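These protein sequence lines map, in sequence, to chains A and B. As numbered in my numbering, residues 1 to 584 make up the first sequence, in order. As numbered in my numbering, residues 1001 to 1450 make up the second sequence, in order.
The hints are simulated quantities; they were obtained by calculation from the structure and are not laboratory data. It should be emphasised that the depicted structure is a prediction, and the values quoted were computed from it without experimental measurement. Keep in mind that the hints are not guaranteed to be accurate.
[As the list claims (entries may be wrong)] Across the chosen pairs, the derived CB separations fall in these ranges:
id, chain 1, residue 1, chain 2, residue 2, range
1, B, THR1371, A, ILE471, 51 to 59 Å
2, B, ALA1158, A, PRO354, 35 to 43 Å
3, A, SER396, B, ASN1219, 53 to 61 Å
4, B, GLU1203, A, ASN27, 27 to 35 Å
5, B, GLU1164, A, ARG106, 21 to 29 Å
6, B, GLU1164, A, ILE475, 56 to 64 Å
7, A, LYS164, B, THR1371, 41 to 49 Å
8, A, SER396, B, VAL1109, 25 to 33 Å
[Said to hold, decoys possible] Computed cross-link-like contacts, SDA-like style, restricted to lysine to any residue with a CA-CA straight-line distance of at most 20 Å:
id, chain 1, residue 1, chain 2, residue 2
9, A, LYS179, A, PRO194
10, B, LYS1296, A, LYS7
11, B, LYS1438, B, HIS1338
12, A, LYS273, B, ASP1130
13, A, LYS469, B, ARG1366
14, B, LYS1163, B, ARG1403
15, B, LYS1296, A, GLY84
16, A, LYS469, B, ARG1025
17, B, LYS1438, B, GLY1394
18, B, LYS1296, A, GLY101
19, A, LYS7, B, ARG1025
20, A, LYS7, B, ARG1366
21, B, LYS1114, A, GLY102
22, A, LYS45, B, GLY1054
23, A, LYS556, A, ILE540
24, B, LYS1362, A, PRO92
25, A, LYS19, B, ARG1366
26, B, LYS1438, A, LYS469
[What the hints assert, rightly or not] Derived coverage of chain A by chain B (criterion: at least 3 residues anywhere in the stretch with Cβ under 8 Å from a Cβ of chain B; other residues may be distant):
id, region
27, 116-126
28, 265-271
29, 290-300
30, 307-321
Yeah, the Cβ is synthetic: ideal placement off N, Cα and C, and Gly gets one too.
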Amino acid sequence: MKETRGKIYGVAGPTVMVKGMTGAIMNTVCLVGRHGLLGEIIRIKDDMATLQVYEDTVGISVGEDVISYGDPLSETLGPGLLAGLFDGIQRPLDKIRVAAGGFLTRGVKVEALDIDRIWDFTPVRKKGDTVSPGDILGTIEETERITHRVMVPPGLGGVIKEIKSGKVSGAEYICMLEKGQFIELYQEWPVRRPRPFKAKLPPEEPFITGQRVFDTLLPVAEGGTAIVPGGFGTGKTVVEQTIAKFSRSDIVVYVGCGERGNEMSEILSDFPKLKDPTSGLPLSLRTVIVVNTSNMPVAAREASIFTGITIAEYFRDMGYSVAMLADSISRWAEALREISSRLEEMPGEEGFPPYLATQLGMFYERSGKVMCLGSEERTGSVTVISAVSPPGGDFSEPVTQASLRFAGTLWALDPDLAYRRHFPAVNWLASFSLFQAELDDWFGREVAEDMVRLRNRLYSLLQRQTELKDIIQIIGVEALQESDRLTLEAANLATEAFLKQSAFSEIDAFNTYEKQYWMLKAIFAYLESAGEALERGVFIETILESPVKWKLARMKDEPNEGFSTKARALIGEVVSEFSMLEEK
Amino acid sequence: MSLDLIKRQYRTLATISGPLIFVDRMTRGSLGEMCVVDLPEGEQRTGQILQLMGERAVIQVLEGTSGIDSDESSVLPTGETARVGVSMDLFGRVLNGFGEPIDGLPPIVPDEYKDINGLPMNPAAREKPDFFVQTGISAIDGLNTLVRGQKLPIFSGAGLPAKELALQIVRQARVAEAEEFAVILGAMGITSRESFFFRRSLEEAGALERTIAFINQVNDPTIERLFTPRIALTVAEYLAFERGFHVMVVLTDMTSYCESLREIGSAREEIPGRRSYPGYMYTDLATLYERAGRLKGGKGSVTLMPILTMPDDDITHPIPDLTGYITEGQIVLSRALHRKGIYPPIDVLPCLSRLMNLGIGKGKTRDGHRTIADQLYSAYARGIDVRRLVTIVGEEGLSDLDRRYLAFSDDFERRFVGQGWEDRSIDDTLDLGLELLKAVPEREAVARRR
Ligand SMILES: Nc1ncnc2c1ncn2[C@@H]1O[C@H](COP(=O)(O)OP(=O)(O)O)[C@@H](O)[C@H]1O
Ligand SMILES: [Mg+2]
């Protein structure tokens, strides 16, 4: 380790300039000033280093001391992360609360993971085994929900000389190699460096969210990235939270980046009470929360998404499917801009630094489904879903545009839909999923053979709805052809009954693919049967007034279990209802 | 005597620019530290260190730089950050934007001094806000419910009755709230007429003894405006978290605040962000708005109602935009409704209360509240669509159903939103909503559901 010492030369907002730092290393951390605040070197020019400081810089004076030990900004990985709540640089907020009270004072030093906590370690390797990076040494039941697989860290390997069993703590090693190297329970990993894997795998399965508009129309693949741009109040946070609650992933890493404190207090109070849909255990047991609210230090906000994704990769490496939810990536970009402008860098578009897209890419590219490191065959994935907060709701701004380059799925939120309380307020025509073709096989195999066809029909119906609405704007609804009025009615039904989904209704909040499929079947049965009646000569008014529509609109109130039976019965009812309608 | 205690005055003013002075070879002084600026004629002003670079300090002068020279004026760092004295004696008092009494009454002896920037609340220590506050306004209570500890701004336009609405809310919420209720007014850049209006209204509401007013008027120094909301919020936090009060803070007008922020930014020659407001305005506003809330294990709460004027009625302007991104919803006033003579002229469609779900329902307001609200929304939205249609295709092109929605939206605006000065209970609000819904199939859908 290399020690460098300097003296503070200047302070501007979250940045500090330090003189006398010859030999300092880029992106290493420093202790700044008399409070020993944590900072990271982000620029070096001659003997002057510029630091971003992760705590409030008020009160810092010129001439105070700065020390760097040459370590990169790292975090501690190991058992104890789950159900944890950390700030942007992985300080444990609940422990800080115990140590310092309700408000965040500076310079409180608490270890990220509790070093004294005792864990029960079951080794799966023994003395004399040869292990290489990524190999699983043993397991710990970290929570009732998740088994923590203790792995050989990247860069280590060899013949095991000693391996522990039973009670272990973070303070000691759990394995000694013949070369004399120790493997500890807690690993340090630099947050800005992606964790290694064997190979990236192509997307072939959907990441199941339980949200109809996403799963059916706009799927994201496991290991893919989806972005959710939308003006304020369009439902980004609810999308993130709904996915955190209901998605079929093993682990959820939720990063509240530059957003509201009260939103986090909701998650914190709800997640221990809510049940994880797959295991029935409290949701908090599969969740790690990283939160750096808008009023917390801006440099730590910048670090928060890297802290989050490193944790996500760590669980991926164990062979889990991980959802990495970032709300919002725009606040990260703004932190970058704030710091960059203090450095007086040449600004790019909208004042963002020119390297915005590169840095953003470095984050998004850490998503993916991979063949994990280690001799046992296993795959893991990180699916990234990030909210984007475009100023004025205008998607042409740099952060949305740069994110679009890396996103496989776009869920574009629309204030018009949100204003009329149509949620999720996804503008289905402005959104896209590049995974559709890749996932069609899976849909046909795992959902139903005609699922892809139904989805395509839904697309055409919605497309037609838009056209018809434009026509009405010119000639009025009464002037439409009868068949078009029926199409419009069916499209409105699909919009209300299928696309609209309440995140707050217990039954409606999560739908299986099976339920989604049968809902579509019923909606198209309506369109077909009503169409036949119309052809037979039934008045369009009679058809439109048919009360069976209300039953279809209420399908969402039926639970997933047994839905297909109910749907079949409902389809029967639809068919007979329309066949009984009398002609003119 | 240690060197730190030697007070050093600096006579090395190099540059004076807008509200800023640049002082050279200033070896003492820390970021955010307050300074005394001595003028040749014996006048003293207050400065704050904004930036340190080598031995050059950038200092903003609260009262402005006019009259400061580079020869004789001097700067003395005080060793303190900006602080305000807090005390229960503040109740009933009127102070300037910097916390000094302007009501002619004796000075206040503070119990203690607090840093006006406060500290971020630890997210782990926040209590989920879920206590319904009855404002007596249907468009709020029924559709965009306010809860204790929420930050809910009013987006207004020039000449729209935002202040009247804020005061009506304060007055009516006071009636419904418990005894430990306090109102703090932080006014930035208001006219003397407005200032008078606030005082008189609070007096009429009998709320004056529960009120603390910090008033910075249009002709007061602009830099003072950057301190006013911080001082107001510091006192609010003290009352809420140390004295157990439910504090309602009204900040007006955030647009003046943001303009002062912009002024400092351009004096510092910073690279401006959107519409020349500083790039850090989101963070800056967040350090104000996020001070609303409740603390676990604590009794009190800080509920924040900032008022802002949307320049040109444009909701995408950075001031409303960044505010809406931070606050827990917004109440939006509409010029069109105002012109129709509807008071309060609340355009409910773009309104939102993000914390509504936590504060409503059985045991809080009424079972089924959410459904009523959702249906009023969707029916009104549909009525507005029809209204738009009428302007193009005329009434003839409408179906019967369309006509019903059209009539509904008119009724809704007139009766539900346009309640005037009535103080409506939540029950009356919801009953009225149900009654109006009878006219449209939305209601039918619920009836069938039952
Ligand atoms: N899926 C949904 N179901 C019901 N209500 C929703 C849904 N999504 C959003 N909302 C409503 O919209 C409000 C704003 O959503 P939020 O996610 O906080 O917006 P954003 O993060 O985009 O600013 C929520 O408080 C809620 O009332
Ligand atoms: Mg949000």
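These are the hints, each one checked on the structure:
1. B:THR1371 <-> A:ILE471: 51 to 59 Å: Since the Cβ atoms of THR1371 (chain B) and ILE471 (chain A) sit about 33 Å apart, the hinted range of 51 to 59 Å is violated.
2. B:ALA1158 <-> A:PRO354: 35 to 43 Å: Taking Cβ atoms as reference, ALA1158 (chain B) and PRO354 (chain A) lie about 39 Å apart, which means the hint holds.
3. A:SER396 <-> B:ASN1219: 53 to 61 Å: 41 Å Cβ-Cβ, so the 53 to 61 Å window is violated.
4. B:GLU1203 <-> A:ASN27: 27 to 35 Å: violated, 59 Å
5. B:GLU1164 <-> A:ARG106: 21 to 29 Å: violated, 42 Å
6. B:GLU1164 <-> A:ILE475: 56 to 64 Å: violated, 44 Å
7. A:LYS164 <-> B:THR1371: 41 to 49 Å: violated, 58 Å
8. A:SER396 <-> B:VAL1109: 25 to 33 Å: violated, 56 Å
9. A:LYS179 <-> A:PRO194: violated, 27 Å
10. B:LYS1296 <-> A:LYS7: Judged against 20 Å, a Cα distance of about 40 Å means the pair is violated.
11. B:LYS1438 <-> B:HIS1338: violated, 27 Å
12. A:LYS273 <-> B:ASP1130: holds, 16 Å
13. A:LYS469 <-> B:ARG1366: Between LYS469 (chain A) and ARG1366 (chain B) the Cα gap is close to 37 Å, so the pair fails against 20 Å, i.e. violated.
14. B:LYS1163 <-> B:ARG1403: violated, 36 Å
15. B:LYS1296 <-> A:GLY84: holds, 18 Å
16. A:LYS469 <-> B:ARG1025: It is violated: about 70 Å lies between the C-alpha atoms, which goes past 20 Å.
17. B:LYS1438 <-> B:GLY1394: The given pair, whose Cα atoms are some 25 Å apart, is violated under the 20 Å limit.
18. B:LYS1296 <-> A:GLY101: holds, 10 Å
19. A:LYS7 <-> B:ARG1025: Status holds; Cα separation ~16 Å.
20. A:LYS7 <-> B:ARG1366: violated, 62 Å
21. B:LYS1114 <-> A:GLY102: Status holds; Cα separation ~16 Å.
22. A:LYS45 <-> B:GLY1054: holds, 15 Å
23. A:LYS556 <-> A:ILE540: violated, 26 Å
24. B:LYS1362 <-> A:PRO92: It is violated: about 36 Å lies between the C-alpha atoms, which goes past 20 Å.
25. A:LYS19 <-> B:ARG1366: violated, 64 Å
26. B:LYS1438 <-> A:LYS469: violated, 27 Å
27. 116-126: violated (count 0)
28. 265-271: holds (count 4)
29. 290-300: holds (count 6)
30. 307-321: violated (count 0)
Of the numbered hints given earlier, the model fails hints 1, 3, 4, 5, 6, 7, 8, 9, 10, 11, 13, 14, 16, 17, 20, 23, 24, 25, 26, 27, 30; all others are met.
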